[in-house]
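Trainee: Make the full structure from the sequences, and use the hints.
Per my numbering: the sequence shown ends with 739, consecutive numbering throughout.
FYI, nobody ran anything at the bench for these hints, they're computed from the structure.
Where is the CB? At the ideal position from N, CA and C, for every residue including glycine.
The reader is advised that the hints may include incorrect statements.
As the list claims (entries may be wrong) - Here are the simulated distance ranges between beta carbons: (1) E715 x V569: 37 to 43 angstroms; (2) I623 x T662: 20 to 26 angstroms; (3) G561 x P617: 24 to 30 angstroms; (4) P563 x N642: 38 to 44 angstroms; (5) I610 x I722: 43 to 49 angstroms.
As the list claims (entries may be wrong) - In silico PhoX-like links for lysine-lysine, alpha-carbon gap of 25 angstroms or less: (6) K739 x K575; (7) K739 x K619; (8) K619 x K575.
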Amino acid sequence: MANDVDSKTKAAKEEGGIFETIKVIVQALLIALVIRTLLFQPFNIPSGSLIPTLLIGDYLFVSKYTYGYSRYSIPFGPPVMSGRVWAAEPKRGDIAVFKLPSDNSTDYIKRVIGLPGDRIQMIDGILNINGQPVKRERIADYVTTDNWGRSVPVIRYNETLPNGVTHEIIEREGDTGTFDNTQLFTVPPGHFFMMGDNRDNSLDSRDRSVGYVPFENFVGRAEIIFFSIDEGASAWKIWEWPYTVRWNRLFSTIK
485 MANDVDSKTK AAKEEGGIFE TIKVIVQALL IALVIRTLLF QPFNIPSGSL IPTLLIGDYL
545 FVSKYTYGYS RYSIPFGPPV MSGRVWAAEP KRGDIAVFKL PSDNSTDYIK RVIGLPGDRI
605 QMIDGILNIN GQPVKRERIA DYVTTDNWGR SVPVIRYNET LPNGVTHEII EREGDTGTFD
665 NTQLFTVPPG HFFMMGDNRD NSLDSRDRSV GYVPFENFVG RAEIIFFSID EGASAWKIWE
725 WPYTVRWNRL FSTIK
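Mentor: Right under this line is the structure:
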């Protein structure tokens, strides 16, 4: 009889322990979902379109609350709402993550260059906004890799947007690249014109496959690099971190 009571007590404790474990896991998942939906979402950089500002292998946090919330603030973008709530429009110079307008699912990250109503054009490599050339100042060349993986120096500038935001850009092909001379783009209401800092190696609003980005498609603003590892290295190989992690980029703010 005593053995039966002990067995039942032990079984009850085990069931209680399993239940508590499941409860803790569910609570943790719900907290993570709330944080990811309302506050911050991690992203990693898979391409070089924002070199030299962001590098392949950078991991960053994107603030979800900066621009308010749309359906794309929620994982998988379910059609539960239209437009944005608590909306605050992106500022010129922000680096933002958005859903590609052509499929509303692929994540892109670029810099906000044109606001609604702006006229944007590239003329001989120089960005023109509303008929005025944007100031750029050449600085030391930037060393990057070409299509064959070789290290090459490329032209680098400090570019200052009309609102005073200064950031670096590179011109791998000088001022004769594919998108260094474009048509005049007029940004429609409720849309934004996005470009990469790697001007000759960025698929952005200058190309019709991206085009103007609706405000609704914005996910959030890039805020901070929390981890960075060399291109081609594996983040899970912890034993390689001493020589593959870019220690100087950790916890740096994004401008």
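Trainee: Next step is simple, just say for each hint if it's right about the structure.
Mentor: To see whether the hints hold, each was checked on the structure:
1. Our hint of 37 to 43 angstroms for E715 and V569 holds, since their Cβ atoms are close to 38 angstroms apart.
2. Restraint check, I623 to T662: a C-beta distance of roughly 24 angstroms satisfies the suggested window 20 to 26 angstroms.
3. The hinted window of 24 to 30 angstroms between G561 and P617 is violated, with their beta carbons roughly 38 angstroms apart.
4. Checked against the hint of 38 to 44 angstroms, the C-beta distance between P563 and N642 comes to roughly 42 angstroms, which is consistent with it.
5. With their beta carbons about 45 angstroms apart, I610 and I722 fall inside the hinted range of 43 to 49 angstroms.
6. A C-alpha spacing of about 12 angstroms is found between K739 and K575, which places the hinted pair at or below 25 angstroms, so the restraint holds.
7. Between the alpha carbons of K739 and K619 the distance comes to roughly 17 angstroms, so the proposed pair stays at or under 25 angstroms and holds.
8. Distance hint between K619 and K575 is fulfilled; the C-alpha atoms sit about 18 angstroms from each other, no more than 25 angstroms.
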